[in-house]
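S.K.: Chains as they are written, first to last, in my numbering: chain E, 356 to 452; chain B, 2 to 314.
Read the hints as simulated data drawn from the structure, not as lab findings.
Worth double-checking, as some hints may not be accurate.
Pairs of lysine to any residue, SDA-like flavour, derived with a Cα cap of 20 Å [what the hints assert, rightly or not]:
1) K24/B to M391/E
2) K157/B to E415/E
3) K305/B to L393/E
4) K14/B to P422/E
5) K306/B to P422/E
6) K305/B to E415/E
7) K107/B to R286/B
8) K288/B to Q362/E
9) K107/B to K24/B
10) K66/B to R403/E
11) K389/E to K273/B
12) K306/B to E390/E
Computed footprint of chain B on chain E, listed as stretches where at least three residues anywhere in the stretch have a Cβ under 8 Å from a Cβ of chain B [unchecked claim]:
13) 410-422
14) 432-438
15) 442-452
All C-beta atoms in this analysis are idealised placements derived from N, C-alpha and C, irrespective of residue type, glycine included.
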Amino acid sequence: MSMSDNQGPLWEVFVQKKSGQPYVHCGNVHAFDKEMALQNARDVYTRRNEGMSLWVVPSEAIVASSPEDIGSFFEPANDKIFRHPTFYQIPDGVGHM
Amino acid sequence: MSTIDFEAIFEAKLANNEFIEPKDWMPENYRKHLIRQVSQHAHSEIVGMLPEGNWISRAPSLRAKLVLLAKVQDEGGHGLYLYTAAESLGVSRDEMLEALHTGKAKYSSIFNYPTLTWADIGAIGWLVDGAAIMNQVMLQRSSYGPYSRAMVRICKEESFHQRQGYEIMTRMAFGTPDQKEMAQDALNRWWYPSLMMFGPPDAESPNSENALKWRIKRESNDHLRQRFVDQTVVQAEYLNISIPDKNLKWNESKKGYDFSPPNWEEFKNVVKGNGICNKERLEARNKAHNEGAWVREAAAAYAKKQNQLSTAA
Ligand SMILES: [Fe+2]
Ligand SMILES: [Fe+2]
C-alpha cells in the first residue's frame, strides 16, 4: 500500500449464507474502522440477501501458507490413506457402517 | 540445493486450467497486463454510472427510478470488486484513482457517448450490458483467481441489467409513434459503439496475443463481437426496429451474420480523449472525488482518535 493511500486499511469479508453453514470468504473492502468495515461489506456483498451474517477481519491479521511450500507443508497428509474410510474392509451383511 | 523453477510451475498451472493466486509467482508482464486490464475494467464500471445516473432524477415512474438506482448501485459495486482484485496485484487504490482522474488510465470508450432520451437507458441495458455480459462470462474463467471470482459475482448481478434494459425497449418500441422513434434513434446511436466494446479487430489488437496465451482472456475480440451480433439481431427483430447496417445479412456458410465493422477511426479518437463526453466524465469523477475528500479525512481522524482512546483505556 502506498504512503498516500487514504482509502483506509483493507478488510477481508466472510459471509454466512444460512444459519449453520460455514463462513465463506467473498472479497475485500476498505474502511477506517470495524463498524464502517461491516457497513461497507453489507453494501458491497449482500445487496441480494447473499448472507445473514458477516465477519470482517483486518487483512493484515490473516496468516497464510505460502505457495512455495505447497509440497512440503501439506506432505504429511499424503501417505496416510488410513485416515479415509475406504481404507477399511467391512464384511457384507453387517449393515451400513 | 535445488532452485525452484517458478516459471515452469506458472506455465504448468496455466496448462492445467488452474488459477494463479496473488501470492503465487507470476511473470512481471503478466502482472502488468492484469493491473492494466483489471483497473481499466474497474474504471469502466465507475465511469459507467455517469451516463445512466443522468436519468435517475428524470425516470418516468417510481418503479423505473428504483430499478435504475439499483442498477447503477450494482455498477458501483462491480467497480469495488474489481479495484480490490487489482490491489491484490500490488497497486494501491489511490494510484489507480489518480491515474483515472488525471486521464492517464483508460476506461471503456462507450461511456463517452451521451444519454439523450429515456430510450437510451433501455439501449444501454440491452446492448451495453449485453456486450459487457458476453465479455464477462468469458472472463469468469480468466486465469487470475481474484479477477475470475469478481467476474462470477458480477455475472450473477448483470443479467437483471440487460433484462431491465430490454424491458424499457419493449415499452418504447410498442408505445406511441414518438416512443418508437426514440427506440429506433437510440439503437441507431448505440449500435456501433456497442460493437466497439469488444476492442479492435484481432489483427490490430496489440494486447490480445498475450492475454490469450496467459488465459487472461479465453476468446478473441472478433469472436465475441460475432456472437453478440448473432444474439442481438433476433431481439431487434422482435422490437420491430432495425439495426442501422445495410450489410447485415445471414451467412449460411458461417452460420452467423455478416455485418459492417464500426468506424475504428472514431474509436481511436474517443480512446484518445476526443469523444463527445470524455471531458464531462473526467470532470464529474474529479468533482466527486474532491468533494468527498473531507469525508475520508474525517473518517481517518475519527478512527485515529478511537484507536488512541482504546489504547489509553
Ligand atoms: Fe457492471
Ligand atoms: Fe451492468
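S.K.: With the threshold set at 20 Å, check whether the alpha-carbon distance from K24/B to M391/E stays at or below it.
M.R.: The given pair, whose Cα atoms are some 27 Å apart, is violated under the 20 Å limit.
S.K.: Does the alpha-carbon distance linking K107/B and R286/B stay inside the 20 Å limit?
M.R.: holds, 13 Å
S.K.: Would you say the stretch 410-422 of chain E counts as covered by chain B, given the rule of at least 3 residues with C-beta under 8 Å?
M.R.: holds (count 3)
S.K.: Verify the proposed pairing of K305/B with E415/E, using a straight-line Cα cut of 20 Å.
M.R.: With Cα atoms ~17 Å apart, K305/B and E415/E stay inside 20 Å; holds.
S.K.: With the threshold set at 20 Å, check whether the alpha-carbon distance from K389/E to K273/B stays at or below it.
M.R.: This hinted pair is violated, its Cα atoms lying about 42 Å apart.
S.K.: Quickly compare the C-alpha distance for K288/B and Q362/E to 20 Å and report which way the hint goes.
M.R.: Given that 20 Å is the threshold and the Cα spacing comes to 17 Å, the pair holds.
S.K.: Would you mind confirming whether the straight-line C-alpha gap from K66/B to R403/E stays at or under 20 Å?
M.R.: holds, 18 Å
S.K.: Are the Cα atoms of K14/B and P422/E separated by 20 Å or less?
M.R.: holds, 12 Å
S.K.: Under the criterion that the straight-line Cα-Cα distance not exceed 20 Å, is the pair K306/B, P422/E satisfied?
M.R.: violated, 38 Å
S.K.: Assess, step by step, whether the Cα of K107/B is no farther than 20 Å from the Cα of K24/B, and give holds or violated.
M.R.: violated, 27 Å
S.K.: Sort out whether L393/E lies within 20 Å of K305/B, counting only the CA atoms.
M.R.: OK: K305/B and L393/E at ~18 Å, within 20 Å.
S.K.: Check whether the Cα positions of K157/B and E415/E lie no farther apart than 20 Å.
M.R.: Given pair K157/B, E415/E is violated - Cα atoms ~30 Å apart, limit 20 Å.
Taken one by one, the earlier hints fail for this structure at numbers 1, 2, 5, 9, 11, 14 and 15, listed in ascending order.
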